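Protein chains: 2
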Amino acid sequence: MAKNITPKENNFSQWYLDVIRAAEMADYAPVRGCMVVRPTGYAIWEHIQSVFDRAFKETGHVNAYFPLLIPNSFLEKEAKHVEGFAPECAVVTHAGGAELEEPYVVRPTSETVIGHMYSQWVHSWRDLPILINQWCSVMRWEKRPRLFLRTSEFLWQEGHTAHATREEAVEETMKMLEVYKNIMQNELALPVLYGEKSMNERFPGADNTYSCEAMMGDKRALQAGTSHFLGQNFAKAFEIDFQDKDGGTSYAWTTSWGVSTRLIGAIIMTHADNDGMVIPPRIAPVKAAIIPLSTNEAKLSDELEPMASDTARKLNAMLGAPETVVDKRYHERPADRFFHHLQRGVPIRIEIGERELAEGVVTLVRRDTAAKEKVSLDALTERARDVLADMQTSLYEKARAFRDSNTHDVSNMEEMKELFGKEGRGGFARAYFSGSDEDEGEIKYVTGGATIRCLPLDDDSTGKCVYTGKEGARRAIFAKAY
Amino acid sequence: MAKNITPKENNFSQWYLDVIRAAEMADYAPVRGCMVVRPTGYAIWEHIQSVFDRAFKETGHVNAYFPLLIPNSFLEKEAKHVEGFAPECAVVTHAGGAELEEPYVVRPTSETVIGHMYSQWVHSWRDLPILINQWCSVMRWEKRPRLFLRTSEFLWQEGHTAHATREEAVEETMKMLEVYKNIMQNELALPVLYGEKSMNERFPGADNTYSCEAMMGDKRALQAGTSHFLGQNFAKAFEIDFQDKDGGTSYAWTTSWGVSTRLIGAIIMTHADNDGMVIPPRIAPVKAAIIPLSTNEAKLSDELEPMASDTARKLNAMLGAPETVVDKRYHERPADRFFHHLQRGVPIRIEIGERELAEGVVTLVRRDTAAKEKVSLDALTERARDVLADMQTSLYEKARAFRDSNTHDVSNMEEMKELFGKEGRGGFARAYFSGSDEDEGEIKYVTGGATIRCLPLDDDSTGKCVYTGKEGARRAIFAKAY
Numbered sequence: 001m002a003k004n005i006t007p008k009e010n011n012f013s014q015w016y017l018d019v020i021r022a023a024e025m026a027d028y029a030p031v032r033g034c035m036v037v038r039p040t041g042y043a044i045w046e047h048i049q050s051v052f053d054r055a056f057k058e059t060g061h062v063n064a065y066f067p068l069l070i071p072n073s074f075l076e077k078e079a080k081h082v083e084g085f086a087p088e089c090a091v092v093t094h095a096g097g098a099e100l101e102e103p104y105v106v107r108p109t110s111e112t113v114i115g116h117m118y119s120q121w122v123h124s125w126r127d128l129p130i131l132i133n134q135w136c137s138v139m140r141w142e143k144r145p146r147l148f149l150r151t152s153e154f155l156w157q158e159g160h161t162a163h164a165t166r167e168e169a170v171e172e173t174m175k176m177l178e179v180y181k182n183i184m185q186n187e188l189a190l191p192v193l194y195g196e197k198s199m200n201e202r203f204p205g206a207d208n209t210y211s212c213e214a215m216m217g218d219k220r221a222l223q224a225g226t227s228h229f230l231g232q233n234f235a236k237a238f239e240i241d242f243q244d245k246d247g248g249t250s251y252a253w254t255t256s257w258g259v260s261t262r263l264i265g266a267i268i269m270t271h272a273d274n275d276g277m278v279i280p281p282r283i284a285p286v287k288a289a290i291i292p293l294s295t296n297e298a299k300l301s302d303e304l305e306p307m308a309s310d311t312a313r314k315l316n317a318m319l320g321a322p323e324t325v326v327d328k329r330y331h332e333r334p335a336d337r338f339f340h341h342l343q344r345g346v347p348i349r350i351e352i353g354e355r356e357l358a359e360g361v362v363t364l365v366r367r368d369t370a371a372k373e374k375v376s377l378d379a380l381t382e383r384a385r386d387v388l389a390d391m392q393t394s395l396y397e398k399a400r401a402f403r404d405s406n407t408h409d410v411s412n413m414e415e416m417k418e419l420f421g422k423e424g425r426g427g428f429a430r431a432y433f434s435g436s437d438e439d440e441g442e443i444k445y446v447t448g449g450a451t452i453r454c455l456p457l458d459d460d461s462t463g464k465c466v467y468t469g470k471e472g473a474r475r476a477i478f479a480k481a482y
Numbered sequence: 001m002a003k004n005i006t007p008k009e010n011n012f013s014q015w016y017l018d019v020i021r022a023a024e025m026a027d028y029a030p031v032r033g034c035m036v037v038r039p040t041g042y043a044i045w046e047h048i049q050s051v052f053d054r055a056f057k058e059t060g061h062v063n064a065y066f067p068l069l070i071p072n073s074f075l076e077k078e079a080k081h082v083e084g085f086a087p088e089c090a091v092v093t094h095a096g097g098a099e100l101e102e103p104y105v106v107r108p109t110s111e112t113v114i115g116h117m118y119s120q121w122v123h124s125w126r127d128l129p130i131l132i133n134q135w136c137s138v139m140r141w142e143k144r145p146r147l148f149l150r151t152s153e154f155l156w157q158e159g160h161t162a163h164a165t166r167e168e169a170v171e172e173t174m175k176m177l178e179v180y181k182n183i184m185q186n187e188l189a190l191p192v193l194y195g196e197k198s199m200n201e202r203f204p205g206a207d208n209t210y211s212c213e214a215m216m217g218d219k220r221a222l223q224a225g226t227s228h229f230l231g232q233n234f235a236k237a238f239e240i241d242f243q244d245k246d247g248g249t250s251y252a253w254t255t256s257w258g259v260s261t262r263l264i265g266a267i268i269m270t271h272a273d274n275d276g277m278v279i280p281p282r283i284a285p286v287k288a289a290i291i292p293l294s295t296n297e298a299k300l301s302d303e304l305e306p307m308a309s310d311t312a313r314k315l316n317a318m319l320g321a322p323e324t325v326v327d328k329r330y331h332e333r334p335a336d337r338f339f340h341h342l343q344r345g346v347p348i349r350i351e352i353g354e355r356e357l358a359e360g361v362v363t364l365v366r367r368d369t370a371a372k373e374k375v376s377l378d379a380l381t382e383r384a385r386d387v388l389a390d391m392q393t394s395l396y397e398k399a400r401a402f403r404d405s406n407t408h409d410v411s412n413m414e415e416m417k418e419l420f421g422k423e424g425r426g427g428f429a430r431a432y433f434s435g436s437d438e439d440e441g442e443i444k445y446v447t448g449g450a451t452i453r454c455l456p457l458d459d460d461s462t463g464k465c466v467y468t469g470k471e472g473a474r475r476a477i478f479a480k481a482y
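So the protein lines, in turn, are chains X and B.
Here this note's numbering is used: the first residue of the first sequence is 1, the next is one more, and so on.
Here this note's numbering is used: the first residue of the second sequence is 1, the next is one more, and so on.
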């Protein structure tokens with residue numbers, strides 16, 4: 001067990017921070033609530049970005065860039081939006097040595113300024129749909145920051161689309177939720193529930209919000225991505241109107257959807273262990289660390305290093321990208337060299353030593369299970385591919401089993417209070433609910449924080465409301481959340 | 001000639017804006033001096049990014065992300081730096097509903113906050129070098145904004161490295177200048193001079209600044225990228241010190257280097273023409289537009305579209321990426337469909353009509369020369385590859401010939417004044433110079449704006465100073481610049 005990491009069981013929050021520090025993924029910045037994403041963490045973000053970006057493009061979206069600053073008056077054009085975001089905004093009051101006539105806020109999200117631009121670009125139905133995504137940073141002042149999960153500045157993508165009809169906008173909202181779900185499950189190995197948010201948890205200004213919800217290692221829920229159907233709220237506020245096919249004038253229907261660096265927090269809290277980071281192979285920036293081992297310098301340079309380079313070349317060819325490293329830090333002890341990669345979550349380690357060299361075999365060690373095996377050089381590429389694939393599946397299955405075993409059917413408020421009480425098991429409560437916003441608030445109060453995470457879309461069963469006792473209520477998942 | 005574009009010869013500035021508007025590359029944002037990079041422009045930026053990012057990684061750099069906001073006190077730690085940047089900063093004074101104790105500036109560049117972090121990461125010589133790059137936006141309040149060239153916010157990359165020795169830092173500074181030069185010439189088809197900046201034009205806080213300088217279509221110079229040797233200035237201001245091999249304590253040596261969305265402005269002002277945008281094929285997001293042409297709907301759907309798709313597939317396979325479009329906007333007139341892609345600078349257009357279909361040939365039109373040719377379907381992929389390669393070379397050669405024919409040897413101030421006077425030919429003045437900063441200022445004054453763009457590194461000849469008449473002066477290029 002790593003000495004520099006507090007065991008998960010003792011203190012989950014400290015364990016989380018220790019894993020991030022040990023893997024050098026991020027640091028707090030010298031700006032209140034902000035973070036520095038260090039190279040190890042940023043490389044994971046780049047891999048996450050490329051997977052999402054490809055999926056966005058395959059579904060017809062293009063990227064663009066809108067300004068960092070938003071005039072305060074823009075925020076005020078949508079009543080619920082300003083109510084939700086203004087208290088969290090950072091405000092620029094001076095620029096170029098003078099006080100500004102109107103203050104600008106640093107974007108907390110870009111519906112308003114993008115809405116303004118769309119109103120200038122959209123004239124006829126032929127200009128629709130607009131399917132744009134933006135990769136950028138946004139700022140929401142946080143009172144209780146936590147690396148990756150809640151920071152005053154974070155990196156994200158925000159998709160913003162405008163459509164001629166309500167149906168198309170709804171279809172887009174659901175399509176992007178599906179894209180999110182598939183990537184989270186298949187690439188990030190995060191099992192997620194997906195569904196509709198309750199009114200209390202809707203995006204400020206949306207008609208409806210959908211989300212993907214994952215269970216973290218401490219059984220709390222994390223909202224991993226959201227997709228919003230904005231109706232005509234922003235189109236009316238910013239006058240995105242157009243001449244429709246019949247010659248009349250209509251307002252557009254818009255959507256927005258986003259995922260952020262928070263996903264890195266989700267990966268840590270789902271897959272990492274008491275030794276450090278564990279990265280699902282499909283998004284691991286380094287998939288294999290190759291480690292020549294010898295105290296004989298000539299042996300290293302003449303035989304082991306060429307073999308390591310050759311192995312790296314073959315693995316890179318199999319992976320289709322330069323995603324291996326050869327570790328030449330011979331001044332470190334072998335155990336420290338192993339630990340370096342292990343703590344950073346590199347999926348497999350390949351040790352090439354003198355004895356192995358003589359026998360034509362190397363040692364392959366898998367990160368999540370610590371399973372060690374001898375593999376002949378001839379079979380290495382194929383074996384590495386299998387191990388990576390198996391690790392990907394196995395991380396997902398393990399996380400799903402954990403979530404399922406910590407999901408409990410709850411049919412009345414006594415069970416609900418017991419589950420989320422001090423002695424309770426916690427996790428996800430699967431219940432039926434048809435109460436009001438106030439009823440949901442009351443459940444939150446009596447459980448010490450459990451809220452509806454979502455009303456799952458793949459469960460259309462109905463039953464007796466856990467709060468009101470009325471029949472015909474929809475399925476709802478309650479949990480304490482990050 | 002395009003009706004929506006002012007001829008270059010009549011009004012270069014208006015032509016530039018018209019090209020950007022016609023190609024839908026960018027718009028002014030509703031925030032003073034800021035721009036919106038629209039999808040057509042942003043796709044070019046993504047291609048530029050990927051070329052630079054690959055080169056940075058191949059030279060051992062990794063990406064990271066540092067905070068958008070910088071405490072005001074950080075800026076003040078380096079005297080020249082604060083003097084240079086403070087007047088241009090946007091200042092956040094309020095956040096989360098309260099006034100901040102210390103104001104933050106939106107980063108104009110990140111030497112200070114990165115220096116602060118490096119001081120925490122560097123302890124021993126083994127922690128060096130640090131080779132980090134960041135892709136982000138920065139903000140420098142502009143009084144006279146111009147799309148892509150000077151905007152209050154722009155997108156860029158900033159490399160920041162720290163080294164154990166002066167030699168290594170100097171080597172890094174020159175290596176990145178070389179990387180810039182090679183990409184600008186080979187990928188962006190921009191012939192550039194590269195050299196040292198005069199003291200007047202140095203980055204605030206640098207010991208030395210190097211730059212790549214290109215000549216625009218109006219014969220003015222544009223600084224296309226810079227690489228700074230920062231000496232120990234920032235290391236001392238932020239206490240980036242380390243235990244060296246001998247057990248002593250030393251300050252690190254640092255560098256920084258950057259290119260920005262300004263490069264898109266450079267491409268426009270070098271290659272675009274009176275019909276609109278022209279994009280060098282190697283960085284063109286769409287390399288070929290394939291246009292089925294028929295008024296017969298059945299013919300289109302049954303024969304022409306399948307052939308267009310098949311052609312797109314083959315071209316994408318040759319290009320190694322999905323970089324073609326099939327244009328199905330049949331409600332537009334053929335001429336308008338052609339013009340759409342032409343104005344966006346798509347390198348080649350492939351017309352597939354009924355007559356062509358019968359003969360097994362298509363029409364291929366090249367953007368820069370408007371040359372039209374019939375190509376048999378069998379030979380199309382190969383021919384497209386050749387045309388793209390030829391266009392890339394030809395754009396570069398044309399720009400180089402233009403620059404060379406507008407570069408003039410100038411041996412005394414009379415010639416200098418004549419060259420840059422109202423009736424003068426303008427362009428680049430190749431002279432020798434060994435005067436003082438004040439002398440350079442005087443030349444700027446009497447020529448109405450010509451400054452030293454750089455002291456070219458590939459020219460070590462010496463001669464008589466154009467200003468003082470002293471022998472042994474270094475080669476210098478003077479020009480009026482953007």
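These are calculated hints, taken from the structure and not from any lab test.
Predicted model only: the values in this text are computed from it and were never measured.
Incorrect hints may have been included.
Put simply, identical chains are the same to the list, so a pair is met inside one copy or across any two.
[Said to hold, decoys possible] Taking lysine-lysine pairs in the PhoX-like style, the calculated list, with each CA pair at most 20 Å apart, reads:
#  : residue 1 : residue 2
1  : Lys236    : Lys80
2  : Lys480    : Lys417
3  : Lys236    : Lys417
4  : Lys398    : Lys422
5  : Lys245    : Lys328
6  : Lys299    : Lys444
7  : Lys57     : Lys328
8  : Lys314    : Lys236
9  : Lys398    : Lys314
10 : Lys328    : Lys314
11 : Lys143    : Lys314
12 : Lys77     : Lys299
13 : Lys398    : Lys80
14 : Lys57     : Lys3
15 : Lys464    : Lys57
16 : Lys299    : Lys175
Hint check:
For the homomeric pair Lys236 and Lys80, the shortest alpha-carbon distance inside one copy (13 Å) is at most 20 Å, but the shortest distance between copies (49 Å) is not. Only within a single protomer do Lys480 and Lys417 lie at most 20 Å apart by alpha-carbon distance; the minimum there is 12 Å, versus 75 Å between protomers. With identical chains, the CA atoms of Lys236 and Lys417 are never at most 20 Å apart, being 43 Å at best within one copy and 58 Å at best between copies. Proximity of Lys398 and Lys422 under a CA criterion of 20 Å is satisfied in neither setting, with 26 Å inside one chain copy and 76 Å between copies.
In this assembly of identical chains, the alpha carbons of Lys245 and Lys328 lie at most 20 Å apart only when taken from different copies (19 Å versus 66 Å within one copy). In this homomeric assembly, Lys299 and Lys444 never come within 20 Å of each other (Cα to Cα): the closest approach is 65 Å inside a single copy and 63 Å across copies. Taking identical chains as interchangeable, the C-alpha atoms of Lys57 and Lys328 lie at most 20 Å apart only when they sit on different chains, with a minimum of 18 Å there against 39 Å within one chain. For the identical chains of this complex, Lys314 and Lys236 are neighbours neither inside a copy (57 Å) nor across copies (45 Å), given an alpha-carbon limit of 20 Å.
Proximity of Lys398 and Lys314 under a CA criterion of 20 Å is satisfied in neither setting, with 30 Å inside one chain copy and 43 Å between copies. When the C-alpha separation of Lys328 and Lys314 is checked against a cutoff of 20 Å, the pair qualifies only within one copy, where the shortest distance is 18 Å, while the shortest distance between copies is 43 Å. In this homomeric assembly, Lys143 and Lys314 never come within 20 Å of each other (Cα to Cα): the closest approach is 49 Å inside a single copy and 55 Å across copies. Neither within a single protomer nor between protomers do Lys77 and Lys299 lie at most 20 Å apart by alpha-carbon distance, with minima of 71 Å and 50 Å respectively.
Within a single copy, Lys398 and Lys80 get their C-alpha atoms no closer than 40 Å, and across copies no closer than 56 Å, so neither meets the 20 Å cut-off. In this homomeric assembly, Lys57 and Lys3 never come within 20 Å of each other (Cα to Cα): the closest approach is 44 Å inside a single copy and 33 Å across copies. Taking the closest pair of Cα atoms, Lys464 and Lys57 never come within 20 Å of each other, the shortest separation being 43 Å inside a single copy and 58 Å across copies. Taking identical chains as interchangeable, the C-alpha atoms of Lys299 and Lys175 are never at most 20 Å apart, the minima being 56 Å within one chain and 33 Å between chains.
Violated hints, listed in ascending order, are 3, 4, 6, 8, 9, 11, 12, 13, 14, 15 and 16; each of the other numbered hints is respected by the structure.
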